[in-house]
Amino acid sequence: MVWEWKIPDGSWASPCVLVEHQLLCPVMREAPGGGACSLVALDPQTGRVQWQAELGRGSVEPWSMAVFANSVVVVGTGNHLFALALKDGSPVWQKAIRAVAVFPVADNALVHQRGMSGAPDTLVLLDPFSGAVRSSRSFENFVDTLRPWDGDMVVVSFGFEEALPPVLPFVVRLKAEDLRTLWRLELPELKNSVVLTPDLWVYLEKQNHTGWYRLQSDGNLEPLAALAHWNGSLLWAQGEYQLWGSEEGSRLCRWRSETATWAWCRDLPRGKWLAQQLDGKQVALAGSTTEEDQLLVLNDAGDVVAKASGIPDAKAFFHFQGHWLWQQEHRILLTGAALKASSPPHDVKTQAAQLLEQAAQIPHFSPLAVPRVGPLVKALLALGPDIKPVVQAKLSTSGPVGFVAAATALMAWGDPHPADLLIHWFEEPRNTDDGSSWAGDLVVGALRSAGSDCKQIEPLSRLLSAEGVPWMVRVEAFASLAQCGSLPALERLQRWLQQQEPTRGSSWFQPNTLSPKVPSSQEAWRILWNSREFIVFPAWYLGPTRGLWIAEVGSKQHSKPWYTGLSDFNPATDTLDFEIAPEGFRIILKHNTTGSASTPQANVDKTLSISWAEIRQDRDDDGLTDLVEIRLGLSPDQADTDRDGIPDGLDWCPTCGQPPRAAEDFAAEALLYQFFAMFEPKGIWPPVTVAWTKPLEFSHPRRAVLVIPNDQQQTRRPGADGESIESVAGVRLRLVTASQKPRGWPDDLTPNPGEVAIELQVGDGLGVAAIMGKAADGRWYIVRWRRLWWDNC
1045 MVWEWKIPDG SWASPCVLVE HQLLCPVMRE APGGGACSLV ALDPQTGRVQ WQAELGRGSV
1105 EPWSMAVFAN SVVVVGTGNH LFALALKDGS PVWQKAIRAV AVFPVADNAL VHQRGMSGAP
1165 DTLVLLDPFS GAVRSSRSFE NFVDTLRPWD GDMVVVSFGF EEALPPVLPF VVRLKAEDLR
1225 TLWRLELPEL KNSVVLTPDL WVYLEKQNHT GWYRLQSDGN LEPLAALAHW NGSLLWAQGE
1285 YQLWGSEEGS RLCRWRSETA TWAWCRDLPR GKWLAQQLDG KQVALAGSTT EEDQLLVLND
1345 AGDVVAKASG IPDAKAFFHF QGHWLWQQEH RILLTGAALK ASSPPHDVKT QAAQLLEQAA
1405 QIPHFSPLAV PRVGPLVKAL LALGPDIKPV VQAKLSTSGP VGFVAAATAL MAWGDPHPAD
1465 LLIHWFEEPR NTDDGSSWAG DLVVGALRSA GSDCKQIEPL SRLLSAEGVP WMVRVEAFAS
1525 LAQCGSLPAL ERLQRWLQQQ EPTRGSSWFQ PNTLSPKVPS SQEAWRILWN SREFIVFPAW
1585 YLGPTRGLWI AEVGSKQHSK PWYTGLSDFN PATDTLDFEI APEGFRIILK HNTTGSASTP
1645 QANVDKTLSI SWAEIRQDRD DDGLTDLVEI RLGLSPDQAD TDRDGIPDGL DWCPTCGQPP
1705 RAAEDFAAEA LLYQFFAMFE PKGIWPPVTV AWTKPLEFSH PRRAVLVIPN DQQQTRRPGA
1765 DGESIESVAG VRLRLVTASQ KPRGWPDDLT PNPGEVAIEL QVGDGLGVAA IMGKAADGRW
1825 YIVRWRRLWW DNC
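Take any residue in the sequence shown, note its place counting from 1, add 1044, and you have its number in our numbering.
Check the hints yourself; a few may be wrong.
Straight line, CA to CA, 25 Å or less: simulated SDA-like cross-link-like pairs of lysine to any residue [claimed, not checked]:
| no. | residue 1 | residue 2 |
| --- | --- | --- |
| 1 | Lys1316 | Ala1426 |
| 2 | Lys1634 | Asp1618 |
| 3 | Lys1432 | Ile1467 |
| 4 | Lys1818 | Glu1799 |
| 5 | Lys1316 | Glu1284 |
| 6 | Lys1432 | Val1414 |
| 7 | Lys1726 | His1468 |
| 8 | Lys1422 | Trp1469 |
| 9 | Lys1499 | Trp1540 |
| 10 | Lys1393 | Glu1291 |
| 11 | Lys1139 | Ala1176 |
| 12 | Lys1818 | Thr1737 |
| 13 | Lys1250 | Phe1186 |
| 14 | Lys1316 | Pro1267 |
| 15 | Lys1316 | Gly1380 |
| 16 | Lys1726 | Gly1380 |
| 17 | Lys1131 | Asp1171 |
| 18 | Lys1050 | Asn1236 |
| 19 | Lys1250 | Arg1310 |
| 20 | Lys1738 | Gln1805 |
| 21 | Lys1726 | Arg1536 |
| 22 | Lys1393 | Asp1459 |
| 23 | Lys1818 | Pro1703 |
| 24 | Lys1604 | Pro1691 |
| 25 | Lys1050 | Arg1101 |
| 26 | Lys1219 | Phe1112 |
| 27 | Lys1818 | Asp1808 |
| 28 | Lys1235 | Gly1175 |
Label-pair ranges, simulated between beta-carbon atoms [said to hold, decoys possible]:
| no. | residue 1 | residue 2 | range |
| --- | --- | --- | --- |
| 29 | Ala1782 | Pro1242 | 55 to 63 Å |
| 30 | Ala1075 | Ser1655 | 53 to 61 Å |
| 31 | Arg1474 | Ser1575 | 32 to 40 Å |
| 32 | Met1160 | Ser1575 | 48 to 56 Å |
| 33 | Lys1650 | Ser1180 | 51 to 59 Å |
| 34 | Asp1808 | His1065 | 50 to 58 Å |
| 35 | Arg1224 | Met1160 | 45 to 53 Å |
Hints listed in this document are in silico derivations from the structure and should not be mistaken for laboratory results. Ideal Cβ placement from N, Cα and C applies to all residues, glycine included.
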């Protein structure tokens, strides 16, 4: 590395532009009022900041910039257009224009201005040195593509079918000097377009020929036979070279315009690729795959003439005076000119140092982090415990991927201290402030690659028990201990599971109420009647339907809340009126539902009248009111609905009644308890419905369980306002066999003889594929697992 410029903390940069002897980088930073934007000019030889120009607070990320006569740069920040002098960044002029793109065209600056609140897009032709407007014109729809083409400009719009009247897709050629229309072509079948000077290609879905066409300068269409079966997206084009991307991967091609064919194409490994044309007819490619970072140079015949290691997750790269400039999310750097892959050193400690130094280049939250951490752990473990001093020394300087991999390797060698470092690492906001599961997934990938060596009992136990550790890390630590299978490991698991046991023998029915200080709002209503005050509020306590509850307001706390029996209230669309009387109360519910085009809104009123005696009634004296039992499908006339000897109000599984019999029953019972012990925080939570093949006597560490046998899932639940069982089953457990694998089940997750595969689904979003194994203590444990992803997640 020759030099490195780190982007300041709290800031990020858009892709830079190399102009003569300046590297221009738009930098955004967090600031009051929506952030701030500046343009930084770096010396590409030394990395020193030549100048920095502030482009105002509240500005959004620059969408485009263009350089004119190597003296002025015009930058569009979304709400304003700035012109700066290249020599020192001093302001030349600025305008309040919502610029989407800026292009140099015939000594002018052509600005694409996005319309606001349905207004049409506008093209503005400016003098780049004074900002004077020379010409402008508007379009009836959004402009999707605007590019210089054959000395003029071409505008592509994919239309707007919802407009009245609908706007069809079109292509327009404009005179560059004054934006006059030379020709306009309506293309209802237009699905894609690519501007490749001097060509313009369009992808049309015609009945007689679906594929790419070349749009000639006079507006005529010519089918491109060479692209008959190709429908990729153009990522980059310069001269004859094109970089395409598709679902299958990327490919670099060289196009011969005179023959309308590709001279050659080279398929690239799946990953993120960037391209730059070098002097002559060579092209450079920089790519990051899940395995490695590459820098390739190809000649005009498509042959690789040079190859070296690249930089992970690069946003841009440039060739400058025999060196390579790289831009990442957090830094910009200049590397040496060598373009040959070096062989790894023989010394294992040096190899370990190089591996961790390479990992340090991977930024926070990079999509490369999770797939890279597992191979790095395996590489470190393969070098052996002799590298421990190097790994310990590099812990704090190897970036998030290197830190997690190094800590995991040390734990695999029996050192428990790195587990504490990982626990503290989760507490640092910079590792979790993106709101995703990135940090947890990174540690899971590392632990999974380290295997289940019993040397890790102590560090894995710490990860399992510590507060603040993501649930997926707890599950992986739990499964690793279960895979170890030694009696000490199983004793640790049992000790931890026993700590999750809720207080039994007490009622599970403990709905939380609101604070007495909560004012009236759309989510709570305070009602005064005869010097008494009541509060009515919706809560999710009895399943996914929001039920309405009522309580009397005291000086310090509410009375016990009572379920009103009204469960189909939606605070986003419904309104409520209340009437309180000595004998009871009335609730008037107004459903606001969207109707047909001729009847845009239909209001359906529902009145619920209920006495104070009825709302408190508990005919079977089991601790649950009749209204609650009807809502949950329990019997209001039988104190013990499932006849297991425990009254419904004290029965944490009041619809169960069957002990486990088959192996899959024991496995399902263990999976439910173990997963939610790690997934949900401690406390007593609302009851959950669980779907399984039979009314098994389930135990949940946080909630009461209402079991719904699979053969009843298509039936109606008694008293549930017509709601189907399928819609209220909060947790679904499904037995997985070789012949019946659910959608998304991982191919590499196959049960061994004696093991059981079960899918656990929570609501409509989270899913877990679990392999359950019977251990030496006779109990079932999660031994392997994967998170499942669905299209609706």
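Hint check:
no. : hint                            : verdict
1   : Lys1316 <-> Ala1426             : violated, 29 Å
2   : Lys1634 <-> Asp1618             : holds, 6 Å
3   : Lys1432 <-> Ile1467             : holds, 20 Å
4   : Lys1818 <-> Glu1799             : holds, 7 Å
5   : Lys1316 <-> Glu1284             : holds, 21 Å
6   : Lys1432 <-> Val1414             : holds, 23 Å
7   : Lys1726 <-> His1468             : holds, 21 Å
8   : Lys1422 <-> Trp1469             : holds, 22 Å
9   : Lys1499 <-> Trp1540             : holds, 19 Å
10  : Lys1393 <-> Glu1291             : violated, 40 Å
11  : Lys1139 <-> Ala1176             : holds, 10 Å
12  : Lys1818 <-> Thr1737             : holds, 20 Å
13  : Lys1250 <-> Phe1186             : holds, 23 Å
14  : Lys1316 <-> Pro1267             : violated, 30 Å
15  : Lys1316 <-> Gly1380             : holds, 22 Å
16  : Lys1726 <-> Gly1380             : violated, 55 Å
17  : Lys1131 <-> Asp1171             : holds, 19 Å
18  : Lys1050 <-> Asn1236             : violated, 38 Å
19  : Lys1250 <-> Arg1310             : violated, 29 Å
20  : Lys1738 <-> Gln1805             : holds, 17 Å
21  : Lys1726 <-> Arg1536             : holds, 19 Å
22  : Lys1393 <-> Asp1459             : holds, 19 Å
23  : Lys1818 <-> Pro1703             : holds, 18 Å
24  : Lys1604 <-> Pro1691             : holds, 20 Å
25  : Lys1050 <-> Arg1101             : holds, 22 Å
26  : Lys1219 <-> Phe1112             : holds, 20 Å
27  : Lys1818 <-> Asp1808             : violated, 29 Å
28  : Lys1235 <-> Gly1175             : violated, 36 Å
29  : Ala1782 <-> Pro1242: 55 to 63 Å : holds, 58 Å
30  : Ala1075 <-> Ser1655: 53 to 61 Å : holds, 59 Å
31  : Arg1474 <-> Ser1575: 32 to 40 Å : violated, 55 Å
32  : Met1160 <-> Ser1575: 48 to 56 Å : holds, 55 Å
33  : Lys1650 <-> Ser1180: 51 to 59 Å : holds, 57 Å
34  : Asp1808 <-> His1065: 50 to 58 Å : holds, 56 Å
35  : Arg1224 <-> Met1160: 45 to 53 Å : violated, 26 Å
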